[in-house]
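Asks: Sequence:
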Amino acid sequence: GGNLTYTLHFYAAYHKEALREKARAALSMGVALFASEWGTCSFDGDGWLDLEETNKWLEFLEEHNISDANWAVNDKEEACSALLPGASSTGGWGLDKLTDSGRFVRSSLRGSAANISGGSASASEIMAESTLASMAVNLQTALVSSTPGCAGDIENCKASRCCATPGYTCFEKDEFWASCKATCTPGVNPDDPPEVQSPWSCAVLAPVVFEGSSVPANFTAPEGSPVAQHGHLRVDGSRLLDGNGQPVRLRGMSLFWSQWGSKYWTADVVDWLRSDWNISLLRAPMGVESGGYLESHDLEKQRVVTVVDAAIRAGIYVIIDWHDHHAERHTGRAHEFFEEMAQVYGHFPNVLFEIFNEPLKESWHDDIKAYEQEIVDSIRKYSDNVIICGTRQWSQDVDVAAADPLVGGNLTYTLHFYAAYHKEALREKARAALSMGVALF
558 GGNLTYTLHF YAAYHKEALR EKARAALSMG VALFASEWGT CSFDGDGWLD
608 LEETNKWLEF LEEHNISDAN WAVNDKEEAC SALLPGASST GGWGLDKLTD
658 SGRFVRSSLR GSAANISGGS ASASEIMAES TLASMAVNLQ TALVSSTPGC
708 AGDIENCKAS RCCATPGYTC FEKDEFWASC KATCTPGVNP DDPPEVQSPW
758 SCAVLAPVVF EGSSVPANFT APEGSPVAQH GHLRVDGSRL LDGNGQPVRL
808 RGMSLFWSQW GSKYWTADVV DWLRSDWNIS LLRAPMGVES GGYLESHDLE
858 KQRVVTVVDA AIRAGIYVII DWHDHHAERH TGRAHEFFEE MAQVYGHFPN
908 VLFEIFNEPL KESWHDDIKA YEQEIVDSIR KYSDNVIICG TRQWSQDVDV
958 AAADPLVGGN LTYTLHFYAA YHKEALREKA RAALSMGVAL F
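So in my numbering, spot 427 of the sequence shown is number 984, and the numbers just go up one at a time.
Worth flagging that the hints you see were computed from the coordinates, not collected in a lab.
The list that follows gives simulated cross-link-like pairs (lysine-lysine, DSBU-like), each with its CA atoms no further than 30 Å apart:
hint : residue 1 : residue 2
1    : 738       : 654
2    : 730       : 820
3    : 633       : 573
4    : 573       : 738
5    : 986       : 918
6    : 738       : 613
7    : 573       : 730
8    : 654       : 613
9    : 633       : 654
10   : 980       : 918
Between the sequences and the hints, there should be enough to build the whole structure, so can you do that?
Replies: See the structure below:
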């Protein structure tokens with residue numbers, strides 16, 4: 558049938574990047590989505606507000622032109638209600654009759670209503686208006702951090718590891734959540750919403766100071782290791798060659814997004830993967846958005862350095878990956894990151910640079926290629942090591958990149974696949990790219 562859309566519901570305190578990935582997958586298959594219900598809190602309509610994640614959702618909806626309706630015009634005493642108990646049934650609600658969620662959503666709608674055809678108000682504008690409204694009614698809980706980079710009382714402080722409220726400490730609940738509190742008692746907190754009453758570890762999260770690499774500049778790969786055997790890699794047409802001019806195929810594992818899988822970003826895990834799994838390659842996907850480098854650059858860089866240093870000491874190859882779906886929006890930050898990493902690690906034969914994890918539907922020539930050429934040129938000021946360049950459509954349109962390649966040597970193009978979904982059609986695209994003389998990774 559025609560004129561059909563499919564429903565996407567989310568509640569920001571619970572549904573995060575994994576659901577956005579499902580939505581992107583659906584859009585890539587050519588269907589339309591409609592967010593006919595969404596909330597700023599948890600899926601039961603209650604719990605805490607997650608305005609940081611709400612803004613990520615609103616930006617996602619705007620990016621993909623997805624219409625939405627917020628839950629709910631109601632005065633029930635729960636977090637996602639827009640109205641406080643007793644609000645008039647005839648409208649005319651002042652700010653003092655709106656909940657925190659209601660004030661936030663009202664600000665968002667008022668920002669977009671005046672600009673329906675030209676895009677909604679920015680997340681910062683929405684947050685600014687919502688904060689002013691909160692001040693007008695003398696709220697005790699801030700909707701956004703008053704200290705730049707630090708979390709408010711109802712926000713996740715996992716990334717920033719600091720608190721806007723004086724005297725509060727960032728206490729960890731689990732690997733996904735931490736909150737700013739005056740005190741914390743390990744175990745289940747009976748005041749938490751029922752669906753999230755799992756134990757708090759109450760580990761204190763303090764800001765991380767980036768310490769840099771501890772590997773000596775003249776370090777030599779251990780005898781018998783993959784790097785000792787193959788040395789510096791280079792690209793020749795569609796082939797990856799080792800330091801002896803022989804074709805080489807590396808095999809290994811990728812870690813998970815650094816901001817969500819950091820418990821495995823350790824030297825012990827690197828050593829175990831080398832000794833027990835016999836890997837010759839490890840990928841370090843440093844998260845950029847969603848609590849990653851953009852919000853906590855020192856913490857994320859330190860995680861990268863921990864893994865890269867361990868890989869160099871183990872004598873395996875390691876990919877420093879800018880794990881981002883919108884890298885062209887963060888060109889300046891990518892420049893600073895890769896210039897620093899290239900200066901520190903660019904002379905080690907172990908290190909490869911992956912500069913754009915998975916572009917989405919941007920133009921290859923105008924957006925992706927333009928961004929990647931800038932980053933390639935930045936890295937080349939300090940290193941000739943192999944650079945892995947992301948391709949359009951979640952790094953699958955390798956044939957499009959091969960037909961309009963970047964300028965420079967020792968470049969390969971990214972091919973990502975998941976076997977249950979990507980089959981012969983993607984292998985055909987890969988063959989086409991290889992036939993045009995580019996190398997794939």
